[in-house]
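Let the sequences and hints guide you as you build the complete structure.
There are 2 protein chains.
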Amino acid sequence: MNNVIAVDIGGTHFRVGLFDEAGRRLLVSENATLPAGGREWVLEQVRDHCRRFAEKSDYPVKACGMSFGGLVDSQCQRVTSVHFAGWKDFALADWMWEMLGVPCRLENDANAGALGEYTYGAGRGLGSLFYVTLSAGIGGGWISEGKIIRGRDGLAGEIGHLPVSDTGVLCSCGARGCLETFCSGEAIARRGQEWAGRRSETRMIELSGGAIEDITAKAVIEAAAQGDMAAERILREAGRWLARALLMVIRLLNPDKIVLGGGVAQAGNLLLDPVNEAIGELKSPTIGFSTAIVLAELGTLSPLYGAAVLAREAAGTPV
Amino acid sequence: MNNVIAVDIGGTHFRVGLFDEAGRRLLVSENATLPAGGREWVLEQVRDHCRRFAEKSDYPVKACGMSFGGLVDSQCQRVTSVHFAGWKDFALADWMWEMLGVPCRLENDANAGALGEYTYGAGRGLGSLFYVTLSAGIGGGWISEGKIIRGRDGLAGEIGHLPVSDTGVLCSCGARGCLETFCSGEAIARRGQEWAGRRSETRMIELSGGAIEDITAKAVIEAAAQGDMAAERILREAGRWLARALLMVIRLLNPDKIVLGGGVAQAGNLLLDPVNEAIGELKSPTIGFSTAIVLAELGTLSPLYGAAVLAREAAGTPV
Numbered sequence: 001m002n003n004v005i006a007v008d009i010g011g012t013h014f015r016v017g018l019f020d021e022a023g024r025r026l027l028v029s030e031n032a033t034l035p036a037g038g039r040e041w042v043l044e045q046v047r048d049h050c051r052r053f054a055e056k057s058d059y060p061v062k063a064c065g066m067s068f069g070g071l072v073d074s075q076c077q078r079v080t081s082v083h084f085a086g087w088k089d090f091a092l093a094d095w096m097w098e099m100l101g102v103p104c105r106l107e108n109d110a111n112a113g114a115l116g117e118y119t120y121g122a123g124r125g126l127g128s129l130f131y132v133t134l135s136a137g138i139g140g141g142w143i144s145e146g147k148i149i150r151g152r153d154g155l156a157g158e159i160g161h162l163p164v165s166d167t168g169v170l171c172s173c174g175a176r177g178c179l180e181t182f183c184s185g186e187a188i189a190r191r192g193q194e195w196a197g198r199r200s201e202t203r204m205i206e207l208s209g210g211a212i213e214d215i216t217a218k219a220v221i222e223a224a225a226q227g228d229m230a231a232e233r234i235l236r237e238a239g240r241w242l243a244r245a246l247l248m249v250i251r252l253l254n255p256d257k258i259v260l261g262g263g264v265a266q267a268g269n270l271l272l273d274p275v276n277e278a279i280g281e282l283k284s285p286t287i288g289f290s291t292a293i294v295l296a297e298l299g300t301l302s303p304l305y306g307a308a309v310l311a312r313e314a315a316g317t318p319v
Numbered sequence: 001m002n003n004v005i006a007v008d009i010g011g012t013h014f015r016v017g018l019f020d021e022a023g024r025r026l027l028v029s030e031n032a033t034l035p036a037g038g039r040e041w042v043l044e045q046v047r048d049h050c051r052r053f054a055e056k057s058d059y060p061v062k063a064c065g066m067s068f069g070g071l072v073d074s075q076c077q078r079v080t081s082v083h084f085a086g087w088k089d090f091a092l093a094d095w096m097w098e099m100l101g102v103p104c105r106l107e108n109d110a111n112a113g114a115l116g117e118y119t120y121g122a123g124r125g126l127g128s129l130f131y132v133t134l135s136a137g138i139g140g141g142w143i144s145e146g147k148i149i150r151g152r153d154g155l156a157g158e159i160g161h162l163p164v165s166d167t168g169v170l171c172s173c174g175a176r177g178c179l180e181t182f183c184s185g186e187a188i189a190r191r192g193q194e195w196a197g198r199r200s201e202t203r204m205i206e207l208s209g210g211a212i213e214d215i216t217a218k219a220v221i222e223a224a225a226q227g228d229m230a231a232e233r234i235l236r237e238a239g240r241w242l243a244r245a246l247l248m249v250i251r252l253l254n255p256d257k258i259v260l261g262g263g264v265a266q267a268g269n270l271l272l273d274p275v276n277e278a279i280g281e282l283k284s285p286t287i288g289f290s291t292a293i294v295l296a297e298l299g300t301l302s303p304l305y306g307a308a309v310l311a312r313e314a315a316g317t318p319v
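Sequence lines, in order, name chains A and B.
First residue of the first sequence? That's 1 in the working numbering, and the numbers climb one at a time after it.
First residue of the second sequence? That's 1 in the working numbering, and the numbers climb one at a time after it.
Do not take every clue at face value.
Quick list of in silico lysine to any residue cross-link-like pairs, SDA-like style, CA-CA up to 20 Å [as the list claims (entries may be wrong)]: (1) B:Lys62 with B:Asp73; (2) A:Lys283 with B:Ser172; (3) A:Lys147 with B:Arg152; (4) A:Lys62 with A:Leu26; (5) A:Lys257 with B:Arg152; (6) B:Lys283 with A:Arg150; (7) A:Lys147 with B:Pro285; (8) A:Lys147 with A:Ala315; (9) A:Lys283 with B:Gly177; (10) A:Lys283 with B:Gly154; (11) A:Lys88 with B:Ile287; (12) B:Lys283 with A:Gly154; (13) B:Lys147 with A:Gly146; (14) B:Lys257 with B:Lys283; (15) B:Lys283 with A:Asn269; (16) B:Lys56 with B:Leu34; (17) A:Lys147 with B:Arg150; (18) B:Lys88 with B:Trp41; (19) B:Lys283 with A:Leu71; (20) B:Lys283 with A:Asp166; (21) A:Lys257 with B:Asp153; (22) B:Lys257 with A:Asn269; (23) B:Lys257 with B:Arg240; (24) A:Lys257 with A:Ala315; (25) B:Lys147 with A:Ala315; (26) A:Lys88 with B:Gly288; (27) A:Lys88 with A:Gly37; (28) A:Lys257 with A:Asn269; (29) A:Lys62 with A:Asn269; (30) A:Lys147 with B:Gly127; (31) B:Lys88 with A:Asp166; (32) A:Lys88 with B:Pro285; (33) A:Lys147 with B:Glu145; (34) A:Lys88 with A:Arg39.
It is worth saying that the hints were derived from the structure and are not from the lab.
Spelled out as structure tokens, the structure:
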């Protein structure tokens, strides 16, 4: 028997898990990322958690898998993200390998999430799956016949930057009309703040301690769950934009399932219902399809489970 | 040595070819489809051409491959198209097998075109390719790691029905905003007719024998090639809509190459230049990609060459 360690470094949280060979989660930790801490602080935290889990493990830790919430060069196993200061060109897999003394494999969070859901979640037993990670930004991971499809430049599945409109705010990528500007966590938070700035009687403000500028996507989701109509409407609109992008995924990839994960997907049916409603309106009455749109079964842990799959690949254990 | 027969049945033309084992074209015929003839007329013509080619062949004809310009159920090897009267649920591959006495394989024209370009055209030596057939309608075929990707319902690659706008005329599929309504041959012909109806001084009318309602996409392309500014503008606008859809293909599939084929692609740089210009404007300044957009090397014969590849598969000859 052997165990593996899985790590998921995201923009707002980092998670570490200990898994057994069958993919069962034995231990897990989830902590908020200290924005001011930078790369060194995150690595220190990850090192501490990994070592503690390795010590607690009843069996030897044979390998490690990592998910990173930004661009990753999977060939070179390096972070290429320019969005998080200090991470660009960092050989994260090598660092981990050296630190733990076991082989390590790295993927971006969207591919890791797809792998997690495909192996242990909503995609079990399917041939193909498209996973959407709806968090601060939006990413997509796509698996066909059991393999991650990366594309020529490693950009396949980039649903966050699908052009869904001619208008809207400028995206962080520099283009206009990207899906990310309409239904990412940041976009939802911005809509919440805009609404609260115009009308003060909303639960979104109370849930954020009274400060409009502190309204997050999480507060919008909570307020909507409590029946706040403005928050519900913000999610409904986000869902309608998402539906437009998912219809493009269905037209071009026609996967067995589309799985919605990440923090924003924790809104559950408050997001999924408007998505399916809008798909029903936008779709062609004569081109039927059976691609189902579902919520991630592993919640926000899809990428961590995917990292466990990567660890088993790194260890040479068939998955 | 053995030869194979390839057949391509399209909306406006049908083509028959005799190929050798190395994929060399030995004989080819191209004829216009008689619209009033229906299925029986087309099958009779195809039968005559096939028998003549089989007689002329120096070596035995070992197998047959077919491309059909409409929906095909590749599992059952039947036509499922509802657009052409009389073809629905017709077991075309079986009919051919019986008629010629050799195994036959059938694909829709977009998949066949992709296979043709991948094996003998612009996609030689590549890992992945997205082929767009721009004819009366618009279809897409997609090959990854040498295999046609079909999707759950056989709808993968359906670029013609990508939603690229909220407005525009109703598509034949019943939805609004489909790419097909902006840059298919039918859409280009309609724009030509609309323009000519408003202003009579255009080459498009002369090239159509003076009758506005007879202006076809081919006449628009010819007029543009002769410097008619209205016709050029129609192609430029069509190219800009196409660019939007191709950017979606790049985001989600990121293939090695996108190959533009079919009758409308015979416009060459009159279409390709505006496509590349619009891609340059729409793309993100920070998300670089190296997917090239090129014209089909096999011209309007890409699906026929693909049918030859299918024939070799049917014969059990490795391609």
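Verification of the hints:
Taken as a hint, the Lys62 (chain B) and Asp73 (chain B) pair is broken in the structure, with Cα atoms around 24 Å apart against an allowance of 20 Å. At roughly 13 Å between alpha-carbon atoms, Lys283 (chain A) and Ser172 (chain B) fall within 20 Å of each other, so this suggested pair holds. For a cut-off of 20 Å, the pair hint linking Lys147 (chain A) to Arg152 (chain B) stands: about 16 Å separates their Cα positions. Among the hinted pairs, Lys62 (chain A) with Leu26 (chain A) is consistent with the structure: their alpha-carbon atoms are about 15 Å apart, no more than 20 Å.
The hinted pair formed by Lys257 (chain A) and Arg152 (chain B) meets the criterion: a straight-line CA distance of about 9 Å does not exceed 20 Å. Distance hint between Lys283 (chain B) and Arg150 (chain A) is fulfilled; the C-alpha atoms sit about 19 Å from each other, no more than 20 Å. The hinted pair formed by Lys147 (chain A) and Pro285 (chain B) fails the criterion: a straight-line CA distance of about 29 Å is larger than 20 Å. Among the hinted pairs, Lys147 (chain A) with Ala315 (chain A) is consistent with the structure: their alpha-carbon atoms are about 18 Å apart, no more than 20 Å.
With a C-alpha separation of about 11 Å, the suggested pair Lys283 (chain A) and Gly177 (chain B) falls inside the 20 Å cut-off, and the hint holds. Annotation: proposed proximity of Lys283 (chain A) to Gly154 (chain B) holds, straight-line Cα distance about 16 Å (limit 20 Å). Between Lys88 (chain A) and Ile287 (chain B) the CA atoms are separated by roughly 15 Å; this keeps the pair inside 20 Å, and the hint holds. In summary, the hint linking Lys283 (chain B) to Gly154 (chain A) is supported, as the alpha carbons are separated by about 16 Å, within the 20 Å threshold.
Restraint check for Lys147 (chain B) and Gly146 (chain A): the C-alpha separation of about 14 Å stays at or below 20 Å, so the hint holds. Of the pairs offered as hints, the one joining Lys257 (chain B) and Lys283 (chain B) holds, with about 16 Å between alpha carbons and a cut-off of 20 Å not exceeded. Only pairs whose Cα atoms come within 20 Å are accepted, and Lys283 (chain B) paired with Asn269 (chain A) is rejected, the gap being roughly 33 Å. Restraint check for Lys56 (chain B) and Leu34 (chain B): not satisfied, since their Cα atoms lie roughly 26 Å apart, outside the 20 Å limit.
Between the alpha carbons of Lys147 (chain A) and Arg150 (chain B) the distance comes to roughly 15 Å, so the proposed pair stays at or under 20 Å and holds. At most 20 Å may separate the alpha-carbon atoms for a hinted pair to count; Lys88 (chain B) and Trp41 (chain B) meet this at roughly 16 Å. This hinted pair checks out: Lys283 (chain B) and Leu71 (chain A) have alpha carbons roughly 18 Å apart, not beyond 20 Å. With a C-alpha separation of about 12 Å, the suggested pairing of Lys283 (chain B) with Asp166 (chain A) holds against the 20 Å cut-off.
The straight-line distance between the Cα atoms of Lys257 (chain A) and Asp153 (chain B) is roughly 12 Å, inside the 20 Å bound, and the hint therefore holds. Under the criterion of a C-alpha separation no larger than 20 Å, the hint pairing Lys257 (chain B) with Asn269 (chain A) is inconsistent with the structure, at around 39 Å. For the hint linking Lys257 (chain B) to Arg240 (chain B), the alpha-carbon distance of about 18 Å falls within 20 Å, and the restraint holds. Between the alpha carbons of Lys257 (chain A) and Ala315 (chain A) the distance comes to roughly 29 Å, so the proposed pair goes past 20 Å and is violated.
At most 20 Å may separate the alpha-carbon atoms for a hinted pair to count; Lys147 (chain B) and Ala315 (chain A) exceed this at roughly 29 Å. For a cut-off of 20 Å, the pair hint linking Lys88 (chain A) to Gly288 (chain B) stands: about 16 Å separates their Cα positions. Note on Lys88 (chain A) and Gly37 (chain A): the hinted pairing holds, with a Cα-Cα distance of about 16 Å set against a maximum of 20 Å. At roughly 17 Å between alpha-carbon atoms, Lys257 (chain A) and Asn269 (chain A) fall within 20 Å of each other, so this suggested pair holds.
Simply put, Lys62 (chain A) and Asn269 (chain A) have alpha-carbon atoms about 39 Å apart, too far for the 20 Å limit, and the pair is violated. Only pairs whose Cα atoms come within 20 Å are accepted, and Lys147 (chain A) paired with Gly127 (chain B) is accepted, the gap being roughly 15 Å. Our distance criterion of 20 Å between C-alpha atoms is broken by Lys88 (chain B) and Asp166 (chain A), whose separation comes to about 39 Å. The suggested pairing of Lys88 (chain A) with Pro285 (chain B) holds, with an alpha-carbon distance near 18 Å, which does not exceed 20 Å.
This hinted pair checks out: Lys147 (chain A) and Glu145 (chain B) have alpha carbons roughly 11 Å apart, not beyond 20 Å. Taking the CA atoms of Lys88 (chain A) and Arg39 (chain A), the gap is about 10 Å. The hint holds against a cut of 20 Å.
In the structure shown, a violation is registered for the earlier hints numbered 1, 7, 15, 16, 22, 24, 25, 29 and 31, in ascending order.
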